[in-house]
Amino acid sequence: MFTRTKSKNNDSNITNVSKKFSQVLSFSLVLFFSASFPLKCLATLKVGVTLHPYYSYVKNIVGDRAEVMPLVKAGFNPHAYKLSPADLSRLKEMNAIVVNGIGHDEFAIEVLDRLSLPNLTVIQANESVPLLSNPEGTKHNPHTFVSIDATIRQLYTIARKLAKLDPENGKFFQRNALVYAKKLRKIKNQALQKITSLDLSRIRIASTHNAYGYLLQEFGMTVSAVVEPAHGVSPSASQLQSTINKIRKAKVHILFTELNMANKYIDVIEKETQSRLYHFSHMTYGEYRNDLVVEDMRHNLTTLVEALQYAASHLDISTTNVRVL
Amino acid sequence: MTIDNSALTNSTLSTSTESALLNIEQVPAWNGNKEDKVVFSAIIAILVIATALLWLRHQENTVHSIVIPKAITQSLTELSNAAEEIIMMQSLEGLQPSLNELKELDIAPFAPERLTNKLDLHWQQFHHCFIATAPASAPPTAAKSSNNTPTQTRTHYQFRLLIDDSLGAEDLITYQIDWREFPAHSLLPTAKQNDCTTTAPSNKSGSTWHQFSNLNEENNTDVHAH
Numbered sequence: 000m001f002t003r004t005k006s007k008n009n010d011s012n013i014t015n016v017s018k019k020f021s022q023v024l025s026f027s028l029v030l031f032f033s034a035s036f037p038l039k040c041l042a043t044l045k046v047g048v049t050l051h052p053y054y055s056y057v058k059n060i061v062g063d064r065a066e067v068m069p070l071v072k073a074g075f076n077p078h079a080y081k082l083s084p085a086d087l088s089r090l091k092e093m094n095a096i097v098v099n100g101i102g103h104d105e106f107a108i109e110v111l112d113r114l115s116l117p118n119l120t121v122i123q124a125n126e127s128v129p130l131l132s133n134p135e136g137t138k139h140n141p142h143t144f145v146s147i148d149a150t151i152r153q154l155y156t157i158a159r160k161l162a163k164l165d166p167e168n169g170k171f172f173q174r175n176a177l178v179y180a181k182k183l184r185k186i187k188n189q190a191l192q193k194i195t196s197l198d199l200s201r202i203r204i205a206s207t208h209n210a211y212g213y214l215l216q217e218f219g220m221t222v223s224a225v226v227e228p229a230h231g232v233s234p235s236a237s238q239l240q241s242t243i244n245k246i247r248k249a250k251v252h253i254l255f256t257e258l259n260m261a262n263k264y265i266d267v268i269e270k271e272t273q274s275r276l277y278h279f280s281h282m283t284y285g286e287y288r289n290d291l292v293v294e295d296m297r298h299n300l301t302t303l304v305e306a307l308q309y310a311a312s313h314l315d316i317s318t319t320n321v322r323v324l
Numbered sequence: 000m001t002i003d004n005s006a007l008t009n010s011t012l013s014t015s016t017e018s019a020l021l022n023i024e025q026v027p028a029w030n031g032n033k034e035d036k037v038v039f040s041a042i043i044a045i046l047v048i049a050t051a052l053l054w055l056r057h058q059e060n061t062v063h064s065i066v067i068p069k070a071i072t073q074s075l076t077e078l079s080n081a082a083e084e085i086i087m088m089q090s091l092e093g094l095q096p097s098l099n100e101l102k103e104l105d106i107a108p109f110a111p112e113r114l115t116n117k118l119d120l121h122w123q124q125f126h127h128c129f130i131a132t133a134p135a136s137a138p139p140t141a142a143k144s145s146n147n148t149p150t151q152t153r154t155h156y157q158f159r160l161l162i163d164d165s166l167g168a169e170d171l172i173t174y175q176i177d178w179r180e181f182p183a184h185s186l187l188p189t190a191k192q193n194d195c196t197t198t199a200p201s202n203k204s205g206s207t208w209h210q211f212s213n214l215n216e217e218n219n220t221d222v223h224a225h
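Protein chains in written order, with numbering that gives the first Met the number 0: chain V, 0 to 324; chain D, 0 to 225.
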C-alpha cells in the first residue's frame with residue numbers, strides 16, 4: 000500500500016516537472032514569437048496606392064512581402080475627390096506611395112505637395128513612360144494604365160523603386176514584375192495574332208473618353224475624335240450635334256465608350272453616325288483587386304479585336320459594294 | 000506823463016504786418032499737371048521694373064521640353080521596356096542577350112513588327128549599343144486623316160539604346176535611350192559605330208539626339224532649363 004502511494008507521488012512529481020517544463024517552453028516560445036513578430040511587422044514595407052490599377056501592379060510585385068494600402072477606400076470618383084482625415088492618417092502610416100502623377104490622381108498630388116512627410120517616398124509610376132502630350136508638352140494624357148506596354152513600363156519603375164526601399168526583397172520584386180509583364184504580354188500577343196491579317200489602315204476610331212490613346216497606339220491606331228467635352232460630362236445639344244458632324248466627317252467606323260457607362264447620347268451618336276459601339280474598361284471602379292488589371296486588359300483586348308474585325312469586315316463589304324456599283 | 004499805448008500798438012502792428020506781407024510765399028494755383036506727370040512716371044517705372052524682374056525670373060525657371068512625336072511614343076515605350084528587361088536579364092540571370100537573341104525572344108521593338116500600320120524598325124548592334132532606323136514610309140496611317148491630331152509629316156526616325164554594363168551607383172546597370180528625326184527628303188541615315196558615342200557630333204542634316212528620360216539618368220536633356 001505504502002509502496003503504491005510512493006510510486007503515485009513519484010508519478011505526480013514527474014507530471015509536475017513535465018508540466019513546468021512545458022509551461023517554460025511555451026512561455027519562451029511566446030516570448031520568442033512576440034519578440035520577433037513586431038520586428039517583422041516593422042520591417043514590412045507599407046506601400047500606398049492612389050488608383051485601382053496601381054493596387055494590382057504593386058500587389059503582384061510585392062506578393063506577401065509588403066503591405067499594399069489604398070489611400071482612398073473603394074468606390075470613389077478620382078476626378079472629383081478630396082482626401083478625408085481618415086485618408087490622411089492612412090497616408091501617414093505609409094513608407095511609400097505609388098502615384099499616377101500626370102493628372103489622374105490630382106486629389107493626392109495636391110495634398111502630397113502641401114504636406115511635409117519626410118518618411119514617405121513618392122513613386123511616380125509614369126516617370127519613364129513616353130507620354131502622349133499636347134503640342135506644347137505641358138499636359139499629358141494620364142491614362143497610361145489602360146495600355147499593356149505603358150503598364151509594363153510602370154511595373155518596372157515601381158519594382159525598381161521598391162527594390163531601392165527594400166533591398167533584401169529587391170530581386171524578388173523585380174522577378175515578380177518580369178513574371179507579371181510576361182502575363183500581360185501574353186494577352187497582347189493573343190490579340191495581335193487575331194488581327195495581324197486585318198487591314199487596319201483604313202479603320203477610323205472615336206471614343207467617348209480620351210483614355211484609350213495608349214492602348215490603341217500599341218496596335219498602330221489613333222483616335223480620330225473624342226466625343227465628350229470632358230470625362231463623365233454629357234455633351235449639350237449643340238456639342239452633340241457638332242460631335243455627330245465631327246464623327247461623320249472623320250468617317251468613324253467604331254466608337255469606344257466606358258464599361259457600364261449608360262449614356263443615352265451614345266445611342267444617338269451610334270444611330271446618327273452609323274458607327275458601332277464597343278465598351279472598354281477604365282479600370283478605376285469597384286473593389287481593389289489583385290487580378291483587376293489582367294482581367295480587364297483581357298476584356299479590353301477581346302473587345303478591341305472584336306471591334307477591329309467588325310470594322311475590317313465592314314470596310315471589305317463597303318469596298319465590294321463600291322466595286323459592284 | 001502818459002504814454003499813448005494805442006499809438007504804440009498801432010505802429011508796432013503796422014511794422015509787423017508790413018514785414019509779414021513782404022515774406023508771403025506766392026503759391027501758384029494747382030492745376031495737377033506736374034503731380035500727374037510725377038505719379039504717371041512713377042507708375043510706369045514700377046511697371047517696367049516689375050516686368051523686367053518677372054521676365055528675368057521667368058527666363059530662369061522656364062523649362063523647355065522636347066515633345067516626343069506621337070508617331071514614336073509607342074516605339075520608345077517598347078524600347079524602354081526592352082532596356083529594363085535586358086538589364087534585368089544581365090543582373091538577375093547574368094545573360095547578355097545579342098540582337099538576334101532579343102529577336103528570338105520576341106522582345107519588342109527588336110522582334111519583327113507584325114502589324115503593317117506600325118513603325119518598322121531596322122536594328123543594328125555595336126557591342127552594347129543598339130541603333131534602329133525607322134523609314135518614313137510607315138507612319139501610323141489612321142492619324143493621317145485624323146481631325147484632332149496635327150497632320151503628321153513623314154519623317155525618318157532613329158533610335159539608340161546604350162547599355163553601360165559597368166555597375167553604376169547602387170549596383171545598377173545603367174542605360175540611355177535617345178532618338179532623333181530627319182526630314183523625309185533627306186537620305187535615310189545609316190547607323191555607324193560612331194553614332195554610339197554620346198558625344199557624337201550632329202548628323203550632316205543637323206539632327207541631334209534627344210535623350211529620353213529614364214530612371215538611371217539624372218541629367219535628362221529631354222527637359223532642360225534655360
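Hints are not guaranteed to be accurate.
[To be verified] Computed cross-link-like contacts, EDC-like style, restricted to lysine to aspartate or glutamate with a CA-CA straight-line distance of at most 16 Å:
1) 45/V with 126/V
2) 193/V with 84/D
3) 182/V with 84/D
4) 185/V with 180/D
5) 181/V with 84/D
6) 187/V with 180/D
7) 69/D with 194/D
8) 170/V with 92/D
9) 182/V with 119/D
10) 170/V with 84/D
11) 248/V with 271/V
12) 69/D with 119/D
13) 72/V with 286/V
14) 187/V with 100/D
15) 69/D with 271/V
16) 181/V with 105/D
[What the hints assert, rightly or not] Far from chain V, some chain D residues (derived; all Cβ distances over 12 Å):
17) 33
18) 43
19) 58
20) 92
21) 95
22) 108
None of these hints come from the bench; they were simulated from the model.
All values reported here derive from a predicted model rather than from experimental measurement.
By construction, the Cβ of each residue, glycine as well, lies at the ideal position given by its N, Cα and C atoms.
Going down the list of hints, with the structure as the test:
| no. | hint | result |
| --- | --- | --- |
| 1 | 45/V with 126/V | violated, 21 Å |
| 2 | 193/V with 84/D | violated, 26 Å |
| 3 | 182/V with 84/D | holds, 14 Å |
| 4 | 185/V with 180/D | violated, 32 Å |
| 5 | 181/V with 84/D | holds, 11 Å |
| 6 | 187/V with 180/D | violated, 29 Å |
| 7 | 69/D with 194/D | violated, 24 Å |
| 8 | 170/V with 92/D | holds, 11 Å |
| 9 | 182/V with 119/D | violated, 25 Å |
| 10 | 170/V with 84/D | holds, 13 Å |
| 11 | 248/V with 271/V | holds, 12 Å |
| 12 | 69/D with 119/D | holds, 15 Å |
| 13 | 72/V with 286/V | holds, 8 Å |
| 14 | 187/V with 100/D | violated, 21 Å |
| 15 | 69/D with 271/V | violated, 30 Å |
| 16 | 181/V with 105/D | holds, 11 Å |
| 17 | 33 | holds, 48 Å |
| 18 | 43 | holds, 32 Å |
| 19 | 58 | holds, 17 Å |
| 20 | 92 | violated, 10 Å |
| 21 | 95 | holds, 17 Å |
| 22 | 108 | violated, 10 Å |
Violation of the numbered hints given earlier is confined to hints 1, 2, 4, 6, 7, 9, 14, 15, 20, 22; the remaining hints are satisfied by the structure.
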